[in-house]
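Given only the sequences and the hints, what does the whole structure look like? Please build it.
Protein chains: 2
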Amino acid sequence: MFGKEVYAGRRRKLLELMQDTGKEGQRGIAVFLGNTDAPQNYRGNDYKFRQESSFLYYWGIDEPGFAAILDMDSGEEVLYGNDVDIDDIIWMGPQPSVASKGERIGAGRTAPYSEFFETVRKAKTAGRHIHFLPASRYYNTMMLSQLIGCPAEAVRKTSSVYRTSPDTGSCNTEAAASLELTRAVISMRLIKEECEIEEIDKACEIGYLMHTAARQACRPGVKEQDIVGIMEGVTISKGWGVSFTTILSQNGETLHNHSHHQTITPGRLLLIDAGAESNTHYASDFTRTLPCSGKFTSRQRDIYDIVADCNELAFQLAAPGIPYREVHLAVAAKMLDGLKALGLVNGHIDDMVKEGIAGLFMPHGLGHNMGIDVHDMEDLGEDLVGYDDDQKRAPQLGFGSLRMARSLRPGHVITDEPGIYFIPALINKWKAEGTDHGMVNYSALEPYLDFGGIRLEDDLLITEDGCRRLGPHRLPIKAEDVEAAMVR
Amino acid sequence: MFGKEVYAGRRRKLLELMQDTGKEGQRGIAVFLGNTDAPQNYRGNDYKFRQESSFLYYWGIDEPGFAAILDMDSGEEVLYGNDVDIDDIIWMGPQPSVASKGERIGAGRTAPYSEFFETVRKAKTAGRHIHFLPASRYYNTMMLSQLIGCPAEAVRKTSSVYRTSPDTGSCNTEAAASLELTRAVISMRLIKEECEIEEIDKACEIGYLMHTAARQACRPGVKEQDIVGIMEGVTISKGWGVSFTTILSQNGETLHNHSHHQTITPGRLLLIDAGAESNTHYASDFTRTLPCSGKFTSRQRDIYDIVADCNELAFQLAAPGIPYREVHLAVAAKMLDGLKALGLVNGHIDDMVKEGIAGLFMPHGLGHNMGIDVHDMEDLGEDLVGYDDDQKRAPQLGFGSLRMARSLRPGHVITDEPGIYFIPALINKWKAEGTDHGMVNYSALEPYLDFGGIRLEDDLLITEDGCRRLGPHRLPIKAEDVEAAMVR
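Quick note, the sequences are listed as chains A and B, same order. Numbering follows this note's numbering, with no gaps: position 103 of the first sequence is 103. When you read off a place in the second sequence, starting at 1, and then add 1000, the result is the number in this note's numbering.
It should be emphasised that the hints constitute simulated quantities derived from the structure, not laboratory data. Keep in mind that the hints are not guaranteed to be accurate.
25 Å max Cα-Cα, derived SDA-like pairs, lysine to any residue [what the hints assert, rightly or not]:
no., chain 1, residue 1, chain 2, residue 2
1, B, Lys-1101, A, Pro-424
2, A, Lys-431, B, Pro-1096
3, B, Lys-1431, B, Gly-1338
4, A, Lys-223, B, Met-1092
5, A, Lys-223, B, Pro-1094
Here it is, written out as structure tokens:
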């Protein structure tokens, strides 16, 4: 948790950004709904609590049962929550009062949770604008849907200023979340503050420790699941937990593989894509691909070096003013160049880039924003977050999945994660459908059908004059460094 | 996952149990909704998937996006789910077909998910009974609410057979979940099968390993959070994860303490209540209380021995035909006897038990059912699960929180978890309100106000002639054994 001036400052800035949404006295209220506990198998047996990210950003309170309202006409800020009773004390221990929690985040006033509902209802009856962010969790979706009187689908979609009809109290739009508020929040959260960067550095250090532990545990005969436990144990000892479900698999060609039942086998590759969330809920996200035998085969090394070069290229190119979509395309060109040298593709590099041939080998984007969410703010709208107003998402496989295309600015935190995968079902599909315009050498690909996949990922902070890799230590990435670091 | 005969057999038995719910041809359908992914911070970044427990019990499928219907008139069983497309293969890898998944659990027929909605709507239009269990997750609550046309609150409450009005299609009851189906499911899941007991034994072994790792890590200067990570890492390496959020605290007097920021301090007690969920989703649940210095003080030892004796007494008494509520009361008597010997309470033991004096020191019940859920089936209704039809919940603190009161039967799996806590806020409240009828010696309690709490928990299987402790190894519990096992 940061100091009260951080949260108060953010809310002040948000208020300023929202000044243009309406005339004085007609701007309405901004409603922030914190998360409740999420049942794992039954209510009361909940997953580890995770606060709603924007609530955390503006209001700092990291526990269930809170909401807040920013009155954009009067400037009043109110934090809503209930004080504990004797039953709560028996089960959860004595707790600070809601008033003292409000004090810690510089909120002008606190009130019981029930007043939150009343205030929203009153605003609705008075026909005031009610701005809120698209809901993520199902419970919040239900709550907002009931409170605002809109279908569940509508409270997840953004449109320009939402207003209930004062006459009927019913929803007059199919998209009830506020586009203006969403844009304002995105513009703030995209540019990380110094105190946030410190926390991301910490999360990256935990990521370093978890990948180091994994590398030390990786040897033939060990179960994948054993390694996952060792890694995730580190994240719980040092932070909140994993920032996303760990991907750890010898079938690296499956991009998000969450089954870990296999045994580490000599000659295969182990792809590990995993990150930590710090105790303050900032994410890290790293991928390394290890040789299970301790040494890459010559074929593995060929592909590995291309991916490592691509990772390095993106790091070299990322700088203020450069659109990250251009970096994605430069990486695609570099990758195709390497694959061409191996005889796997043929044609002019520019033509191949244009035809999206890289997508066969890397059917995902080069990277995404990272912050309080590992895919930062993804629920606020992928395109709103990752694309400038004048940018459009490409239709091609891979390039079309690019989550961060924006022109880079100091304070952006992004991932740099090129990969090359040999996905039999996809290769067969392209071959059958002629998607490659004759640019893929399918017979040369045959020996690669059991190759798996390689991905190498670092986290970058855009600085005034370029970028730096986040975290105090960098995981070994050059093939020879990885081999030297493996325990045999 | 068990063999297909297990799931087919359970569904056959359920069908038999439901025969009495209506005349032939008028019994209706039983609808089972599997869980979907639960968003952690945004949709797509989900908590580790956990299947709905009763869906797992009857249909065995351990992945999101499935539903099933048991037609209780025709006997037809249908599993609903969607086969994967090329996008799914890229991200999740090739998957077995829904048809082959149905085959593995002996389901007569499989169909795409959309047919599930159609089938329920048709049954509704035809005015057939639609039986379903009270929904746990919010998403399932929303889905059922929309599908059945009842308010969200209604799909969480059980009543005798629910029926939609064929005329209006609207909900004609405030409680729409089926009491008959709920009772039938509870009657089956309460009595564990051999194959389930084997899995619970496995979960208990993981619990043994996690507590052993914690004990080895517990020494002055270590952070509580470090120990939690070590423990939870074990559960992820060897099983699905924790069966509930780990309770690990030197403030053991807080029953469910999930904050782990303190440093292990000489002279204090560390209470650890934690369990694992096996890869097949059976739970374990153990509590031990360790002396942070490696040796109990004399005052700690006095209280520890009382709790250990209570734990042993419950084990000795638990047997078929004995109501567990009687065991709770016998433990309360034993506890008061020990506290009386220390001069902390005074009066006749029977009177003190009757007045619920034990509740001041143990404001929770002696134990609960355990199985696929650590509090087994809690969302089906605590009283329906834990109380026989002729039993009523007591109003007293502690005794009133007893989750398992039933007359014990072979196959019941329950916890045995007495505890003694010194909770300043509760002691002050009783003193101020005279709740103790003069039976508590408050001045003698003064030196205990910073004591913390002790709980000792094992998991029991009721056998034909008594009970056995679950798991191949028992964690040290006698004070001298605990001290000998501490690393110093």
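Status of the hints after comparison with the structure:
{"no.": "1", "hint": "B:Lys-1101 with A:Pro-424", "in the structure": "holds (23 Å)"}
{"no.": "2", "hint": "A:Lys-431 with B:Pro-1096", "in the structure": "holds (23 Å)"}
{"no.": "3", "hint": "B:Lys-1431 with B:Gly-1338", "in the structure": "holds (21 Å)"}
{"no.": "4", "hint": "A:Lys-223 with B:Met-1092", "in the structure": "holds (20 Å)"}
{"no.": "5", "hint": "A:Lys-223 with B:Pro-1094", "in the structure": "holds (21 Å)"}
Violated hints: none; the structure is consistent with every hint.
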